[in-house]
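Participant: Chain by chain, the residues run as shown.
2 protein chains.
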Amino acid sequence: MSGTLYVVGTGPGSAAQMTPETAEAVSQAQEFFGYFPYLDRLNLRPDQLRIASDNREELDRAQAALTRAAAGARVCMVSGGDPGVFAMAAAVCEAIDKGPAEWKSVDLVVTPGVTAMLAVAARIGAPLGHDFCAISLSDNLKPWEVITKRLKLVAEAGLVIALYNPISKARPWQLGEAFEILRGVLPASVPVIFGRAAGRPDERIAVMPLGEADASCADMATCVIIGSPETRIVAREGKPDLVYTPRFYAGDSQ
Amino acid sequence: MSGTLYVVGTGPGSAAQMTPETAEAVSQAQEFFGYFPYLDRLNLRPDQLRIASDNREELDRAQAALTRAAAGARVCMVSGGDPGVFAMAAAVCEAIDKGPAEWKSVDLVVTPGVTAMLAVAARIGAPLGHDFCAISLSDNLKPWEVITKRLKLVAEAGLVIALYNPISKARPWQLGEAFEILRGVLPASVPVIFGRAAGRPDERIAVMPLGEADASCADMATCVIIGSPETRIVAREGKPDLVYTPRFYAGDSQ
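So the protein lines, in turn, are chains A and B.
Residue numbers for the first sequence follow my numbering, beginning at 1 and rising by one.
Residue numbers for the second sequence follow my numbering, beginning at 1 and rising by one.
Warning: the hint list may mix true and false statements.
[To be verified] DSSO-like, lysine-lysine: derived pairs with alpha carbons at most 30 Å apart:
(1) Lys239(A) - Lys149(B)
(2) Lys239(A) - Lys98(B)
(3) Lys169(B) - Lys149(A)
(4) Lys169(B) - Lys149(B)
(5) Lys104(A) - Lys239(B)
(6) Lys152(B) - Lys169(B)
(7) Lys152(A) - Lys169(B)
(8) Lys169(A) - Lys152(A)
(9) Lys169(A) - Lys149(A)
(10) Lys149(A) - Lys149(B)
(11) Lys152(A) - Lys152(B)
(12) Lys98(A) - Lys239(B)
[Said to hold, decoys possible] Listed below are several chain B residues computed to face chain A (Cβ distance under 8 Å; list not exhaustive):
(13) Asp54
(14) Leu118
(15) Ile135
[Said to hold, decoys possible] Label-pair restraints from in silico Cβ distances:
(16) Arg171(B) - Pro143(A): 37 to 43 Å
(17) Ala16(B) - Gly72(A): 21 to 27 Å
(18) Val146(B) - Ser189(A): 37 to 43 Å
No lab work stands behind these hints: they were computed from the structure.
Only a predicted model underlies this, so the values are computations on that prediction, with no experimental measurement involved.
We put the CB at the ideal spot given by N, CA and C, even for glycine.
Given these sequences and hints, build the entire structure.
Facilitator: In structure tokens:
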């Protein structure tokens with residue numbers, strides 16, 4: 001008798017930004033797998049089992065959760081943000097793809113959530129109002145040459161760029177190098193948004209031009225959004241600046 | 001005495017996918033502006049005023065809402081999905097940027113939501129599990145040459161591509177042309193997901209290889225996701241196929 005694996009996203013952190021669908025999945029599940037700060041967001045009941053783990057080891061965690069679900073349990077895999085964006089849904093699918101046949105019989109329910117770039121964008125205006133991309137800066141999962149090639153191409157394409165996993169203790173130089181690469185393609189005036197912990201009590205949002213963007217403004221909880229040449233800043237007296245990318249592409253005519 | 005403008009996203013359509021934060025903003029507001037099917041999702045109270053409008057005319061709608069908010073009302077601008085992704089937050093920011101000074105004093109509160117590509121991705125597995133982009137195929141807002149250039153560059157970059165606004169009565173040929181362009185860059189085997197009305201009762205999700213992708217499978221309510229060369233399909237007996245893009249980039253070594 002096969003069970004269920006819910007793969008849920010808590011959203012950016014505040015309970016007010018987690019969907020009722022995810023809250024219902026959490027209420028139904030018996031066993032919870034995930035990085036411990038994400039599990040801490042859930043206020044689980046005493047009868048619900050926590051199997052917290054460190055930030056890495058996503059595939060091991062997915063396999064452990066699938067093993068329990070295949071044995072009949074109602075299991076919940078917890079990601080921050082949206083589980084499909086640089087998070088656990090891909091690790092679970094990979095484990096099913098490569099694992100024993102019975103894992104394909106598990107009922108898999110993925111609930112979408114508000115991913116970090118959307119939460120940061122909402123707090124500053126509408127920087128993602130035109131075409132954009134999301135790129136993970138972690139070179140644990142792909143070669144750095146692939147990342148640099150992608151950054152050049154998307155900047156040349158005029159897309160706004162959201163960078164996930166911009167920096168960590170083990171990857172201290174990649175974000176500064178990414179800014180250097182982008183300064184070779186984009187105007188120095190393009191706004192860069194450092195959005196940390198959007199929607200949480202320790203939120204910190206800063207905007208600076210690409211020419212002055214400093215990688216030390218980011219930490220592991222930061223999503224960095226780099227505007228396109230079309231992105232604009234609106235100054236407001238007594239209120240934070242707004243940053244938005246117009247719906248219309250003006251191009252050289254602007 | 002300046003009022004408040006909430007700019008909210010209902011999510012894909014089901015109330016279970018709208019955040020409590022958005023529900024609270026809706027509860028606080030007195031006057032509602034938006035495309036009428038989005039307003040219909042909200043179950044407004046009799047004391048709440050609806051100013052429904054057609055799908056176009058976003059800037060007019062933003063100006064009307066700001067006029068009321070600047071006069072002291074608590075106003076809500078309603079988008080489907082996330083208000084920051086090809087939706088009303090950018091139109092509101094643009095109106096503030098170019099409008100009278102008093103509009104800059106309005107309290108602007110944008111609440112993020114689950115955007116269509118995340119809802120579609122959750123229903124099929126994890127196609128956005130690696131780097132991806134979101135491009136609007138509407139050439140009302142940018143020249144078609146800009147769109148074709150962007151499609152070529154992001155395909156060359158190896159990003160998964162989510163296409164918003166893929167087709168409409170006034171824009172019948174653009175999606176077919178986009179598939180042609182992508183077939184020139186990507187393998188014919190790359191999976192294409194047609195995700196219509198994800199999470200709603202009339203949901204319809206189809207997957208086919210890029211070589212056979214047929215634009216007539218899409219309508220205005222469809223988000224089209226085109227995989228990268230890394231994207232994989234997992235067949236499951238008695239269940240729909242899963243589609244995911246692995247976290248690891250295998251490249252030519254796979």
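Participant: Next, verify each hint and record whether it holds.
Facilitator: Against the structure, the hints come out as follows:
| no. | hint | verdict |
| --- | --- | --- |
| 1 | Lys239(A) - Lys149(B) | 38 Å, violated |
| 2 | Lys239(A) - Lys98(B) | 17 Å, holds |
| 3 | Lys169(B) - Lys149(A) | 37 Å, violated |
| 4 | Lys169(B) - Lys149(B) | 24 Å, holds |
| 5 | Lys104(A) - Lys239(B) | 8 Å, holds |
| 6 | Lys152(B) - Lys169(B) | 25 Å, holds |
| 7 | Lys152(A) - Lys169(B) | 35 Å, violated |
| 8 | Lys169(A) - Lys152(A) | 25 Å, holds |
| 9 | Lys169(A) - Lys149(A) | 24 Å, holds |
| 10 | Lys149(A) - Lys149(B) | 16 Å, holds |
| 11 | Lys152(A) - Lys152(B) | 13 Å, holds |
| 12 | Lys98(A) - Lys239(B) | 17 Å, holds |
| 13 | Asp54 | 16 Å, violated |
| 14 | Leu118 | 4 Å, holds |
| 15 | Ile135 | 5 Å, holds |
| 16 | Arg171(B) - Pro143(A): 37 to 43 Å | 38 Å, holds |
| 17 | Ala16(B) - Gly72(A): 21 to 27 Å | 26 Å, holds |
| 18 | Val146(B) - Ser189(A): 37 to 43 Å | 21 Å, violated |
The structure fails to meet hints 1, 3, 7, 13 and 18 from the earlier list, while all remaining hints are met.
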